[in-house]
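Enquirer: Start counting the sequence shown at 1; every next residue gets the next number (our numbering).
Since the hints were made in silico from the structure, they are not lab data.
This structure is a prediction, so every number in the text was calculated from the model and none was measured.
Just so it is clear, CB atoms sit at the ideal spot from N, CA and C, and this is done for glycine as well.
Don't take every hint at face value.
Across the chosen pairs, the derived CB separations fall in these ranges [said to hold, decoys possible]:
| hint | residue 1 | residue 2 | range |
| --- | --- | --- | --- |
| 1 | Gly-124 | Val-266 | 36 to 44 Å |
| 2 | Val-221 | Ala-4 | 17 to 25 Å |
| 3 | Thr-29 | Thr-67 | 33 to 41 Å |
| 4 | Ala-128 | Asp-218 | 43 to 51 Å |
| 5 | Ala-51 | Ala-116 | 33 to 41 Å |
| 6 | Asp-183 | Leu-118 | 21 to 29 Å |
| 7 | Ala-116 | Gly-58 | 13 to 21 Å |
| 8 | Met-202 | Ala-54 | 38 to 46 Å |
| 9 | Thr-71 | Met-213 | 32 to 40 Å |
| 10 | Pro-210 | Ile-275 | 39 to 47 Å |
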Amino acid sequence: MDLATLGALCALGSAVAWALTSLLVRSLTPRFGTVAINAARTTVCALLIAAWMAVGDGFDGLAAISTRSLTLLLVSIVAAIAIGDTVFFESTRMLGLGRAMTLSMSYPVVAAVLAAILLDERIGAQVAVGGLLTLGGLAMVVATRHEEGTVPRSWLGVGAAVTAAVAWGVSVVALRVPLEEIDALTAQIVRLPLAAAVLWAMPWSWRDAPALMRGGRDVAVRLGVLSVLTAVSSVMYVVSIKHAGVAVATVLSSTAPLFAVPLGVVFLGERLPAIALVGAGVAVAGVVILRL
C-alpha cells in the first residue's frame with residue numbers, strides 16, 4: 001500500500017470517528033456545556049496519546065520541533081479544537097446536527113484555497129471534480145435529515161457553523177508545514193495539551209466541570225469512549241494530511257455525514273429520504289474519483 005492510499009484510508013477512518021463523536025457529544029449537550037465537554041475529552045485524549053507514545057518510541061521526536069513548527073502547531077490546535085470544534089458543537093445545539101454539518105463541511109474548500117495560496121499545493125482537475133461531487137453529495141445527504149426537536153434556524157447558529165468551517169480550514173493548513181519534520185503522534189502530543197490548557201482557561205469549562213464530575217457512570221463511560229475516539233481520529237487525521245495532502249484529506253475526512261446518517265437510522269429511528277440515498281451515491285462517486 002502506497003502512502004497516499006494510506007492517507008486516504010486514514011481520512012475516511014477519521015470521518016467515521018467524527019460521526020460517532022458528534023453523536024456522542026450531541027447526547028451530552030442537553031445536560032452540559034460544549035466547552036466543558038470539549039475540555040474534558042481533549043484532556044483525556046492527550047493523556048491517552050502520551051501513554052501511547054510512552055510504550056512506543058518515547059518522546060524523542062519532541063526535540064526535533066523548531067520554533068516555527070511549534071508556533072504553527074499552536075495556531076492549528078487553537079483554531080481546530082478551541083475554536084472550531086467548540087463552535088461546531090454549539091451550532092449543532094442551535095441548528096441540529098444535519099444543518100450544522102451541511103454548513104461546516106465546507107471547510108475543505110477553505111483549506112484547499114488556503115493551501116493553494118500559501119503552500120503552492122496544486123489542485124488538479126481530478127481533485128476539483130472529485131471534491132465537488134463529494135461535497136455536493138454530502139449536502140444532499142445531510143440537508144434532508146429529519147431530526148426530532150431540532151431548534152429552528154438562526155443566524156447565530158449559521159454564523160457558528162461557518163466560523164467552524166473557517167477555523168478548521170486555517171487549522172489544517174497551519175498543521176501541514178510542521179508535518180514535514182515531525183510524525184503524527186509527536187504533532188498531537190504537542191497540540192492536544194495546548195488545546196486542553198486553552199479550553200480549561202475559559203470560564204465556561206470551570207462553570208460546568210462540577211456537573212460533569214457528578215454525572216455518574218453513564219457520563220463517565222460516554223466521555224471515555226469520546227476521548228478514545230478523539231485520540232484515534234486525531235492521529236488518523238494528521239496522518240491523512242501528511243500523506244494524502246490538504247485537499248484530498250479534508251474532502252475525505254468531511255464524509256462524516258455519510259456515516260452519521262446510517263447511525264441515526266439504526267440508533268435513533270430516523271428515516272432516510274430517497275434524495276439522501278442519491279446524495280450518498282454521488283458522494284461515493286466523488287470519493288472514487290479522488291482515489292483513481
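Enquirer: Each of the hints needs a verdict: does it hold here or not?
Expert: Hints and how they fare:
1. Gly-124 / Val-266: 36 to 44 Å: With Cβ atoms ~37 Å apart, the hint holds.
2. Val-221 / Ala-4: 17 to 25 Å: For Val-221 and Ala-4 the Cβ distance comes to about 37 Å; the hint is violated.
3. Thr-29 / Thr-67: 33 to 41 Å: holds, 38 Å
4. Ala-128 / Asp-218: 43 to 51 Å: holds, 45 Å
5. Ala-51 / Ala-116: 33 to 41 Å: Since the Cβ atoms of Ala-51 and Ala-116 sit about 38 Å apart, the hinted range of 33 to 41 Å holds.
6. Asp-183 / Leu-118: 21 to 29 Å: holds, 22 Å
7. Ala-116 / Gly-58: 13 to 21 Å: For Ala-116 and Gly-58 the Cβ distance comes to about 37 Å; the hint is violated.
8. Met-202 / Ala-54: 38 to 46 Å: violated, 29 Å
9. Thr-71 / Met-213: 32 to 40 Å: For Thr-71 and Met-213 the Cβ distance comes to about 34 Å; the hint holds.
10. Pro-210 / Ile-275: 39 to 47 Å: holds, 45 Å
The structure fails to meet hints 2, 7, 8 from the earlier list, while all remaining hints are met.
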